[in-house]
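Using the sequences and the hints, build the whole thing.
Each protein sequence line maps, in turn, to chains A and B.
Using this note's numbering, the letters of the first sequence map in sequence onto residues 253 to 820.
Using this note's numbering, the letters of the second sequence map in sequence onto residues 1190 to 1555.
Quick caveat, the hints were computed from the structure, so don't treat them as lab data.
Cβ coordinates follow ideal geometry from the N, Cα and C atoms, glycine included.
Any given hint might turn out to be false.
Not the full set, but computed from the structure, chain B residues with beta-carbon under 7 Å of chain A [as the list claims (entries may be wrong)]: (1) A1239; (2) L1241; (3) P1267; (4) Y1268; (5) M1274; (6) F1276; (7) Q1289; (8) Y1293; (9) P1294.
Calculated Cβ distances over 10 Å to all of chain B for the following chain A residues [said to hold, decoys possible]: (10) S292; (11) F393; (12) G649.
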Amino acid sequence: MGQITRLLTWDNLFLGGVVLAVIYLAIIPVAVMIFGSLQSGLPGTFTPLTVRNYVAAFGEPLLYRSIGNTLVYSVGAGIISFSLGTYLAWLTERTDVRFKGFIYVSVLTAMMIPGVLFTISWILLISPRAGLVNVYLNALFGVGEGLIDPYGMAGMIFVSGIDDFYTPFLFMAAAFRSMDPALEEASTIAGAGTRTTFFRVTLRLMMPAALGVWLLIFIRGLEDFEVPALLGIPVGTYVLSTEIYLTVRRPPSDFNMAATYSMFYLGVAMLGLYLYHRWTRASDSYAVISGKGYQPRVTSLGRWRPFATLSAMGLLAVAVYLPLVVLAWTSFLPWYGPPSAALAKAMTLENYLWLAEDDLVLSSLKNNLIVGFAAAAVVTLFAAVVAWIVIRTRLPGRRLLDGLAFSGTAYPSMVLGLALIWFYLTVPIPIYATLWILIIAYVTKRLPVSVRICSAVLVQVNRELEEASSVAGAGFLRTFTRVVLPLLVPGLFVSFATTLTISFKALSIPILLGHAGTELMPLLIFDLFESGEYPKVAALGVATIVVITFATAAARLASRRVGVTAPG
Amino acid sequence: MIEVSHLLKTFAGGDVRAVDDVSFTVAAGTIFTLLGPSGCGKTTTLRSVAGLERPDAGAIRLFDETVFSSDARVFVHPYRRRVGMVFQSYAIWPHMTVMQNVAYPLRGREFSRGEIRERALKALEMVNLGELTERPAPALSGGQQQRVALARAIAGDPRILLLDEPLSNLDAKLREEMRGQIRQLQRKLGLTSLYVTHDQVEALSLSDVIAIMDGGKLIEMGTPRDVYLHPRSRFAAQFVGLTNVVPGRWQATEEHGLARVETPFGPIRYAAAESESFAAEDAVLVLIRPENIRLSPGSAAGDSNAWSGRVASTTFLGEFIDCEVACGDRMVRARVSPFHGVEEGAEVQLRVEPDRCSVIADSPAM
Ligand SMILES: Nc1ncnc2c1ncn2[C@@H]1O[C@H](COP(=O)(O)OP(=O)(O)O)[C@@H](O)[C@H]1O
Ligand SMILES: [Mg+2]
Chain A
253 MGQITRLLTW DNLFLGGVVL AVIYLAIIPV AVMIFGSLQS GLPGTFTPLT VRNYVAAFGE
313 PLLYRSIGNT LVYSVGAGII SFSLGTYLAW LTERTDVRFK GFIYVSVLTA MMIPGVLFTI
373 SWILLISPRA GLVNVYLNAL FGVGEGLIDP YGMAGMIFVS GIDDFYTPFL FMAAAFRSMD
433 PALEEASTIA GAGTRTTFFR VTLRLMMPAA LGVWLLIFIR GLEDFEVPAL LGIPVGTYVL
493 STEIYLTVRR PPSDFNMAAT YSMFYLGVAM LGLYLYHRWT RASDSYAVIS GKGYQPRVTS
553 LGRWRPFATL SAMGLLAVAV YLPLVVLAWT SFLPWYGPPS AALAKAMTLE NYLWLAEDDL
613 VLSSLKNNLI VGFAAAAVVT LFAAVVAWIV IRTRLPGRRL LDGLAFSGTA YPSMVLGLAL
673 IWFYLTVPIP IYATLWILII AYVTKRLPVS VRICSAVLVQ VNRELEEASS VAGAGFLRTF
733 TRVVLPLLVP GLFVSFATTL TISFKALSIP ILLGHAGTEL MPLLIFDLFE SGEYPKVAAL
793 GVATIVVITF ATAAARLASR RVGVTAPG
Chain B
1190 MIEVSHLLKT FAGGDVRAVD DVSFTVAAGT IFTLLGPSGC GKTTTLRSVA GLERPDAGAI
1250 RLFDETVFSS DARVFVHPYR RRVGMVFQSY AIWPHMTVMQ NVAYPLRGRE FSRGEIRERA
1310 LKALEMVNLG ELTERPAPAL SGGQQQRVAL ARAIAGDPRI LLLDEPLSNL DAKLREEMRG
1370 QIRQLQRKLG LTSLYVTHDQ VEALSLSDVI AIMDGGKLIE MGTPRDVYLH PRSRFAAQFV
1430 GLTNVVPGRW QATEEHGLAR VETPFGPIRY AAAESESFAA EDAVLVLIRP ENIRLSPGSA
1490 AGDSNAWSGR VASTTFLGEF IDCEVACGDR MVRARVSPFH GVEEGAEVQL RVEPDRCSVI
1550 ADSPAM
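This is the structure:
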């Protein structure tokens, strides 16, 4: 009894509480999916265990097609975005291309555009009948309607490929920067020409980082929802995420089958992660804090310089500015149509006025702020505690805790959403269809990234700073709040800001977990688009991008003030 | 008072014995120094006293409280030990001002706000930093950080003060100044202090008692005078200052409290301590400090305590000239006055007075 009361200190309650919460968040989804895939009834009911679903799934050609589509889509989009990002990173970091500042700003701008909006703007641009580009092509050359078609696999790969090029850009730019130019200079001094040096030294040195980055994008592609939903579902091209979505949402919904598909999906995602970890082993690729960069060697492009500059501008125009312009244009229209004198005259601020008055918009914004701030605060606190336990203590099982905190990466958002629905329909915790379930989802999903960020900062903090606090008479809680957290502030900022912005960007979590009354902005955008209100969607999109930009800029300013810069 | 007994601390699953059966007592109000080469276990010992490491075995008492005992299963957490500590890195919190750093140990205790400020100010004044209270910590020089660390360590009115190589990050001039300040402060407050360093000059100038450590073991203990003048081990003799070690065979005691050792340099007579008990033909080592060797021109004439050699090299170091003298196949270090006209290649006579050398047993373990 004395033993027990001695263990019941605030310190242990706090630490134990966080640890239990992390375990809870990590275990539930996979446990529920295993259970659900062995059931034959709806969530909330209990039936005898059965392998019926697996038998059915194996005999279902749709499943194989979805898995195949998922792989084709992820590989294809990965190749495009990696090539685009690496090319632009190489130009800005290693050559004398012009307008480097503009390129950087454009990349940061690209980060502000949620995937759902990006996809919508490309539909506005190239949808067969109404897309601006198609309309002009037809008007100018009489090529008929729908020369270019965004729907189907090719369109999905193209749009997704140019959407997420900023991730490879930022990682590869960091990799280019952190390469010691002396390695290349040594090659030059040894008598190798520019070309030989590039292929024999530069490229070889970049290989490990490059493959790591590529795998990272590939894994992200596996769980993509926005693009496949908007460009694949209408023409019956399904990937695993949309397949599960439809199995749940399209009557007759079959939760058991969705859970079974989720198990396959989980398998594919784990395989991707396994490859990634085998390749990177060391956690370098997570290095979020920019270290001491070298002044890289800049190659003179010579007579290619104008072409290189032009190519960069062209690519950015397509990947960033065209979508933004079409969104902005559309947001001022009374109805959607390609630019014309008549439409220009009819331009109006009505859509923006509607934004400020519509209850649904305002409640979605409010929901989004609540969920974003709450999830960001909780995930950041959890991440700080997990990072501290893993790095600073010798508690048994701390490696396991680290692994559990990482599980959010393995759960595709769609699987996570389905699992949470199932679980909270089954257990008597009344949070289904509330904001709580969304907060839980975001915390689970973002914990791995936040833990990496906090760990990266914590390893740079001298342990003696904490020990000095203990010796000065402070118990764990005081040391943690007065010394550890303040020293982690740069990491906490980054973790907080990225989580907050993700809640304004990602559709794949609210798509299953959001309900009437708990809509978040991305879901509202999606729903409005489905009902064809393009100008309103555009205005809402512009407003969302502005909010995201402000949040990011504020976080960047704040984290710069405390002396840290970080991509993402 | 600090009482450490049979302390054992291992790392890497027992493979590294960082502290190996170490016992010592620090008398109240004195400053006790652990001196030894890097990696010998000084920091680990100090951290065990602070409670930052949990030893494998042994006991630690601070005044009348047992803060650690493996037998009684006692372990008092560092924040309950009421000790002050100066870390090697200073560990000044960069997100706080000087005042906040120093006031930290006073918070969460029975003091009022005013009292906290007053006490912190007093501590800062003691280290001559009274005017820097609102400075953010990162805007301090190395020496100032060191003093903030010291002020923080004493602000909470600790029972004991622990210092881990507090001067090692300072430049030579500052180091000497701070050494004096620490000594002064310790005296003034009568603080029972445990000081860790690898620097013999620091140890000799600061300590009431020095304990020499090597490989996790405590080799010997004594006042600076004892340790320097009458080392009881080859390691201590060679680690604290330079020493010529001459092997020999002990012969017999003689009159006037002298004893004779037969060495490759001929017979050497030394002032024997009463406690020693060598028998004839015991293997011993004669320890002779370079500064106790006198060089004179010419060669020795079969006298005891004198032999000849040839000056192999000289290095002018300002305060003295460091000479290497080849005596047969052995090299002997000697230090002579900078005005000494010693020249390389010259034949010289070396001489040491019987009361300027000491003799220890040549045990294979040392
Ligand atoms: N946390 C640790 N883990 C493993 N080995 C350690 C640790 N701390 C110290 N050691 C080892 O213990 C020995 C003594 O270290 P330390 O007490 O720091 O020496 P000193 O302070 O005298 O330089 C060294 O061999 C060191 O490598
Ligand atoms: Mg040390």
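Going through the hints against the structure:
Annotation: interface hint on A1239(B) holds; nearest CB of chain A at approximately 6 Å, less than 7 Å. Among the interface hints, the one on L1241(B) holds; its C-beta lies about 5 Å from the nearest C-beta in chain A, closer than the 7 Å criterion. For P1267(B), the shortest C-beta to C-beta distance to chain A is roughly 4 Å, which falls under 7 Å, so the interface hint holds. For Y1268(B), the interface hint holds, the least distance from its beta-carbon to any beta-carbon of chain A being 5 Å, beneath 7 Å.
Interface restraint check for M1274(B): the shortest CB-CB distance to chain A comes to about 4 Å, inside 7 Å, so the restraint holds. For F1276(B), the shortest C-beta to C-beta distance to chain A is roughly 4 Å, which falls under 7 Å, so the interface hint holds. Interface restraint check for Q1289(B): the shortest CB-CB distance to chain A comes to about 9 Å, outside 7 Å, so the restraint is violated. Among the interface hints, the one on Y1293(B) holds; its C-beta lies about 5 Å from the nearest C-beta in chain A, closer than the 7 Å criterion.
Of the supplied interface hints, the one on P1294(B) holds, with its beta-carbon coming within about 4 Å of a beta-carbon of chain A, less than 7 Å. The claim that S292(A) lies off the interface holds: its Cβ sits roughly 51 Å from the closest Cβ of chain B, which is beyond the 10 Å cut-off. No Cβ of chain B approaches the Cβ of F393(A) within 10 Å, the least distance being about 65 Å, so the stated non-interface status holds. At roughly 17 Å, the least C-beta separation between G649(A) and chain B is larger than 10 Å, which holds for a residue marked as non-interface.
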